[in-house]
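Novice: These are the residues of each chain, in order.
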Amino acid sequence: MDLKITQNGDSVVGTLVGRLDTAASAQFTRDMQPLMDNADKHIILDCEGLEFISSSGLRIFLSLRKESIAKGGDITIRKISAEVKQVFTITGFFSLFNFE
Amino acid sequence: MKKKRISRIVMQWLLICVLSTFTISAVISYIANSHIAKKNTLHLLSNSIEDALDELKEKDEKSTKTTLDNVCKIVEGGEFWEHINPERLTELCYSRNIQEIHVIDSSGFVIYSSNLDVIDYDMRSAEQSSDFLALLDEGGPMYYYQDVRQRGIDSVKFRYIGRRLAKHKGFLQVGFDEDHYYQSVVNGLLEGCTHHRRIGDSGSIYIIDSKGSIVSAPKFFEGTDIKQTGLDLNLINEQATNTLFTADVLGESSYCMCTKYNGRYTIIAVQPISEATVKRDTALAASTTFVFAIFMLLFGLIYWLMKKLVVRNIERVNHSLSNISDGNLDEVINVRNSLEFDSLSNDINTTVDRLKDFIHEAETRLDADLALAKAIQMAALPNVFPAFPERKEFDLHACTEPAKEVGGDFYDFYFVGENKIAICIADVSGKGIPAAMFMMRGKSTLKNRASSGILLSEVFDSSNNTLCKNNETNTFITAWMAVINIKTGEMQYVNAGHNPPLLRHADGLYEFIEDKAPCLPLCAIEGIPYRVNTMTLRPGDSLYLYTDGISEAENVQSEQYGDKRLLDTLNNLPMQAVLSPKLTCESIMRSVKDFAKDAEQSDDITMLAFRFANEH
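Chains A and B supply the protein sequences, listed in that same order. Under numbering that gives the first Met the number 0, think of the first position of the first sequence as 0, with each following residue one higher. Under numbering that gives the first Met the number 0, think of the first position of the second sequence as 0, with each following residue one higher.
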């Protein structure tokens, strides 16, 4: 699981590549810290390369969302695959994020 | 900061040490050799001057003796001696290019002379002349020579030489006046005296008179002034005898030395510094090359030794340590070619052994704890089947298989009224102990609320709000819960973000209970409402609840079991298994395990099958 974080104007873009399963989630939580620190900004999560997400992965998304709400930022998820989108749908998480 | 390798650091310091030692030794060698070169030059120049002086002295004595012998022979010749008189002696003086001839008798009086004024002069009357009286002594010298001196009789500067008479008593004295002596006698001696003299390859000897005019020198310079060579007369006159000084001679910086000769003359020896130091330079070059070679050899040797004895060993130890860090605690370090590394190897091996012991102990303790935890967790789930043997209206079965000893999945079922049974399946995000602990909390919270008989929506709203408190880790629970009236078949259910269960009508196939807008998992967001759905089960209908441990089970090719395979497997179950929740669970569990084969189970697997009986 790789996360690349870049600044794009006022937005912070996180590009996710790989499988975000339980095993990868501990490292991913640490990698995410810059996004948590920038939760007051507009965060874009580019999920084109995200192959799989487990409940542990959703938990991290949820953490980011809570931080974003607390700090007054917002999150947009981009280019999500059908499989991953289904996980968001089944779990109701679809309603928590903006999708593009 | 970029870290350097030990070998590089040592190499750098070694190079600095070697180069500085080399430079210091080269400088010392240069200074010492310069000193030696100067000393050698001093000896060479003074020896050359001495040789020249010796030669001059020898020549002088020889010519002086010849003059005396010849004059004596003539004077004592029978005819001359018989008719000896001043005129004849004066004539002899002219022919011999001398100024005076005296004959002194045995009592020390001048009896004959070319100079009338000195006849009857008593040699004892002045110190200068009395010195010659030694020639009268019995056993005294045969010859006596004097340098230019003021003579006793009238203080005029003369040079006198004398010898005993051969046939008569007394002695003969020959005198040269000063100017005549220098111009004809000494110049004659000096002339050509330095032609054959060389100092080293290109050094020379010059003899100059008191005015700086060169009397004797290598070719081309005789008769010219010493200035032509670049030497300065004043500088020469300032120098003490036999001391080295430097001056430019013929355009070349040279070592010089000078000595006075015969009062009026100065002998100057010159050797170019470049020639004086050529030996030093050669010696220095040779020793420098030698020392450099030795140092380089040492440098290479030390570097090689260090690399072999230290760096390679450190690399070997590091390699083993990195194996150990990677988890291979059976790695043994065996670097034994020096005492220090032998001891280090032993220490590390001992440490690793103790670590292994500790890990083993900890594992044993943890295993025991986990086994206990598993037992507690399992005991918390209803696990006696058939669960309600007295109720003929339905049958149910459930099972769970955590990925680790304990898991975050759970199922549950209990009556919440006389004819209302609640069935539930849930999945806590994450796995292992943290999920298991949260699961216990979630399960009891749900059961507490549901058992109190409140509306299902309130069960979820209230449970969610309770569980959301103090949830720092953002753990959440997906749950699907239904309350079924076992008399009427009316079913109310809430899906809190869980995988949709499957429903099979008695005369049909399993289908997912699609939920267009499922609610969020419990514990995700505080204060949200949970929506209750309603449907009616018909006799013979079956429900199959499961967690994503089934749909996301993977084989070694990382393929997922998937919803479709689950659906197909369920729909291809033999009728016997369809009718029995227990067999349904067992069949699916077997199918999942057959699919995953050797792949490690990555998530907890939990399922619950419910069948609404045909007969009521």
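One or more hints might be untrue.
[What the hints assert, rightly or not] With a straight-line cut-off of 30 Å between C-alpha atoms, the simulated DSBU-like cross-links for lysine-lysine are:
| hint | chain 1 | residue 1 | chain 2 | residue 2 |
| --- | --- | --- | --- | --- |
| 1 | B | K592 | A | K84 |
| 2 | A | K70 | A | K84 |
| 3 | B | K515 | A | K84 |
| 4 | B | K38 | B | K306 |
| 5 | A | K65 | B | K468 |
| 6 | B | K468 | A | K84 |
Keep in mind that the hints were calculated from the coordinates and are not lab data. Nothing here was measured: the structure is a model prediction, and the numbers come from that model.
Novice: Evaluate each hint against the coordinates.
Specialist: Taking the hints in turn, this is what the structure says about them:
1. K592(B) with K84(A): Holds, at about 27 Å.
2. K70(A) with K84(A): holds, 26 Å
3. K515(B) with K84(A): With Cα atoms ~13 Å apart, K515(B) and K84(A) stay inside 30 Å; holds.
4. K38(B) with K306(B): Roughly 48 Å between the alpha carbons, so the hint for K38(B) and K306(B) is violated.
5. K65(A) with K468(B): holds, 14 Å
6. K468(B) with K84(A): holds, 29 Å
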